[in-house]
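Chemist: Single-letter residue listing:
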Amino acid sequence: MLSAPLNIGFDYTRSLGPVLGRFMAGLRDRRVLGSRSADGRIHVPPLEYDPATHAPLTDLVEVASTGTVLSWTWTDHPLEGQPLDRPFGWALIRLDGADTAMLHAVDAGTRDRMQTGMRVHIRWSPERTGHIRDIECFEPGSAAPVPPSADTGEPVTIMTTPIRLSYTHTTSTDESRYLRALAEGRLLGQRCPVCHKVYVPPRVCPADGVPTEEEVPVRDHGTVTTFCVVNVPFPGQRLDPPYVVAQILLDGADIPIPHFVIGDAGQVRMGMRVAAVWRPPEDWTTTPENIVHFRPTGEPDAPYESFEEHL
Amino acid sequence: MSTPRVAVVGFAQAPNLASAGTTSGVETLVPVFRQALANAGLDRRDVDFWCSGSSDYLAGRAFSFVNAVDAIGAYPPICESHVEMDAAWAFYEAYVKILAGEAETALVYGFGKSSAGLLRRVLALQLDPYVVAPLWPDSVSVAALQARLALDAGIITEKAMAEVAARSRADAADNPYAQVRGPVDTDAPYLADPLRVHDCAPVSDGAAALVLASGDCALAAPQRAWITGVAHRIDPQGLGERDLTTVPSATAAAEAAGLPDDLDVAELHAPFTHQELLLRAALGLRDRVRINPSGGALCGNPMFSAGLARIGAAAEQVMSGRARRALGHATSGPALQQNLICVLDAETHEAEGREAE
Amino acid sequence: MRAAVLGTGQTHHRTRRTDVSMAGLCREAIDRALADAGVDWSQIDAVVLGKAPDLFEGVMMPELFLADAIGAAGRPLLRVHTAGSVGGATANVATSLVRAGVHRRVLAVAFEKQSESNAMWALSIQPPFTAPIGAGAGGYFAPHIRAYIRRSHAPGHIGALVAVKDRRNGARNPYAHLRQPDITLESVQASKMLWDPIRYDETCPSSDGACAVVIGDQAAAEASTRKVAWIRATAMRTEPTFFAGKDHVNPRAGAEAARALWQAAGITDPLDQVDVAEIYVPFSWFEPMWLENLGFAEAGHGWKLVESGETALGGRLPVNPSGGVLCSNPIGASGMLRFAEAAMQVMGRAGEHQVAGARTALGHAYGGGSQFFSMWVVSDTAPASV
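Protein chains in written order, with the working numbering: chain V, 1 to 311; chain S, 1001 to 1357; chain C, 2001 to 2386.
Hints in this document: simulated from the structure, not taken from any laboratory. There's no promise every hint is true.
[To be verified] Pairwise CB distance ranges, derived in the manner of DEER restraints: (1) V:R219 <-> S:D1185: 58 to 68 Å; (2) C:R2016 <-> V:P5: 51 to 61 Å; (3) S:D1174 <-> V:P235: 29 to 39 Å; (4) V:R295 <-> S:L1118: 50 to 60 Å; (5) S:D1261 <-> V:D39: 15 to 25 Å.
[Said to hold, decoys possible] Okay, derived cross-link-like pairs now, DMTMM-like style, lysine to aspartate or glutamate, Cα gap no bigger than 20 Å in a straight line: (6) S:K1159 <-> S:D1193; (7) V:K197 <-> V:E214; (8) V:K197 <-> C:E2310; (9) V:K197 <-> V:E309; (10) C:K2192 <-> V:D240; (11) V:K197 <-> V:D208.
Beta carbons: idealized from backbone N, C-alpha and C, even for Gly.
Start from the sequences, fold in the hints, and give me the full structure.
Modeler: This is how it looks when you write it as structure tokens:
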């Protein structure tokens, strides 16, 4: 079965609201704020709503930048995005003055320096923007606190969080066979043993829930069943608008595929006959991108009744 | 309208493997559906309601569950729903649907290719997106913080954890679907101190399907395990907010489900050894209760179907006559945040749908 | 067992609600729903949360971290995801929990915070081995609209008529994202053609927003001091995204869901017996298409109800008096907004966009490639039997 990387990434913009906004503004100014719930407990990181009464929490109070490790573990091989790129400890840390613990990294150097009950203090990031990562990490010991910077007063409303993930995308054996045929310049369909419809690309028949089996060659000519003219730009586009995306019913197939129709674009119409335009054969690989787009053939239009069932 | 009696009448799963199947899950699900329905003596057209559990973040794509519908053969159209949770909660939705009289039969399924991404890093996205997830704490490290709290508090011991691993792997020897079997090396290196490799579930690809039926439909099935109590609860997530050595949501769910004290078997969804120990305490399970004869999640943990598979494994114990009364448990979220309890009986009794009363 | 909507709540919907966190957004809707229902937190037995893809917010199963803030801690919490229909499906799942006798009062909440990312990005992630035929959200549906026009011979201005109606309706709704009292047929037709045949003013906006409903059993409904909306029937149907012979214009799943819905509600002539409909219309042309799919009109004739003004306020079947999805589209919540607005109508609490004398209303949602459908019918009187 064929597989390939799928990488996704986006810089998420998190709006914070009143409580988290003040918390993040505090971090920027080297202050840690907690929220006080109705029972008098101080929550760090702050809760936005009281766990017992459900009322919004508005009373934020400052706690110390030193604290105690309640639990810990050790990371020998940090993962992408974690606070440190060398071995470090994760810890649940209760800051002095707080009643709850926060999770963060401890730059302890070696595992044997980590222990429950150890004292730690915040190492502030030199570049602070109002983000949880304004705390670069914690360090062992109760160092003299760094005085907070002068309150800049600028509220923090949004924090940006990049999320990058890497996956391996794996196709089915049927789809792999289809892709290998494409690498040879052939279009391969498969017929459902129940409804006898020909699917291209082959797949489990969505109507019957059984794998399609019998291989059926499909022609690289077909009929535009319907289409749209894309005039709007958006991220990830391959062509500059305007361009035509059509549903094309390939000769021999029972389900249309979407593709570009280029050439005579203003004349694209339902029923228009089109043919695939392939990349040069030396560029063929196991990808549908071997077909660059479709072009009008100039044949007479297919009658509406011939594709009416595929709208 | 009297409350219908509902039973599990069929279960099937795909082998738990380190890497298998497509990202979409469709090809894996087709034979699993076929087997589950065959066990239940039903045709797919007999299924009134389909319900699935999965997560887009396993595949790295929005709407990844949509494709899986293709495995059903959903034309003519079907009555169907989906939860972005372990399929154990899809099971709950289907159970309620039957109780409401809106269906008599249901097929519940879960699927996911856990190996498609780096699972323990992907799961960091379940944590608070403002103050925790931006640090990317991985799921094994989060579990380790919980384990140390329990060790430090003297609630569990490393020896007891190793015993859980050894028992699970020994039991998995008889489970053809298990991914991990064999002896435990108690000196294995730490994955995340104090968790060693055998304390942690493997990363598993897989799928599972379970068939439910009520009343006459259940009685007509070749075999059945009556559901006599189901409930689930969730705790706050804040890892430093709650006492991670207790599992209040599991305790509350057990109480709401009417967990009996004469269980023969319990299938607990504990992806880490210490979590089994915490769950046994939270549920008040006596020593005579046989825990995880399947080997449990420690020997195969396909995300989003492993919880459903615990219910399925418990039901198989009852349907095969090996147990008279069994518990299926599922968990979701970091550090046992959310828990579901399902009690299965060889015979019906009046306690069913207990939460309703 | 009977079930009723005890109260509804929604946020002010905007492109960016940068003034609130995700919890704050949900609570804005929840707190309004609880107040509208006249119930407090101790009376809520369970929470059901609905949302569209997690990639929109970049949080895997956000209900886990939200559990405390949305009042679910210590209670049962379900997370539903059925694509665009999810808001409706979430309300239907909550209804089942009540109808099954499992709970007395269930809080259902749905939200989307689209401004955390970009929905177009999230929806157009291109898996390997697929052709990069980017057409965008409207590009998916535009060919089907073209097919509808071809099939029904509808005049070209029908889509613009719907847009004018909905945007003007939205101007009566204080929560609507787009409020355009001065929009005209000419201005819609002069707006940019995005995905031919869909123009800019015929598309839904991208919104942050949330919606919540409190659903109760008969005892809870009878204990309410306020008017409730009795849930007469719910329905859900699904078909695959693509299959040979799929009818994208008039999908069978939608038609069968509607048929089951009307039958369960005892409605034989929907156009005659339903007073107002909140229908999921993200592109204006879907109004006539869904009118046919839902059985309000014969196939090919839905546009005539639009053209004759029957779907405007004051018409025979006002459709989307709230302004609908064309005015506010927090995707995961959009379906629940339709369901909640239907309930508001029969409770007589729809304010400036109230349909006078509305007693029976439809809430409708769909999602995916016109393949997931969820609906309910609510009325001001309890159903005779269940």
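Chemist: Hint by hint, say whether it matches the structure.
Modeler: Evaluation of the provided hints:
no.: 1; hint: V:R219 <-> S:D1185: 58 to 68 Å; in the structure: 60 Å, holds
no.: 2; hint: C:R2016 <-> V:P5: 51 to 61 Å; in the structure: 33 Å, violated
no.: 3; hint: S:D1174 <-> V:P235: 29 to 39 Å; in the structure: 52 Å, violated
no.: 4; hint: V:R295 <-> S:L1118: 50 to 60 Å; in the structure: 43 Å, violated
no.: 5; hint: S:D1261 <-> V:D39: 15 to 25 Å; in the structure: 34 Å, violated
no.: 6; hint: S:K1159 <-> S:D1193; in the structure: 15 Å, holds
no.: 7; hint: V:K197 <-> V:E214; in the structure: 10 Å, holds
no.: 8; hint: V:K197 <-> C:E2310; in the structure: 41 Å, violated
no.: 9; hint: V:K197 <-> V:E309; in the structure: 12 Å, holds
no.: 10; hint: C:K2192 <-> V:D240; in the structure: 16 Å, holds
no.: 11; hint: V:K197 <-> V:D208; in the structure: 11 Å, holds
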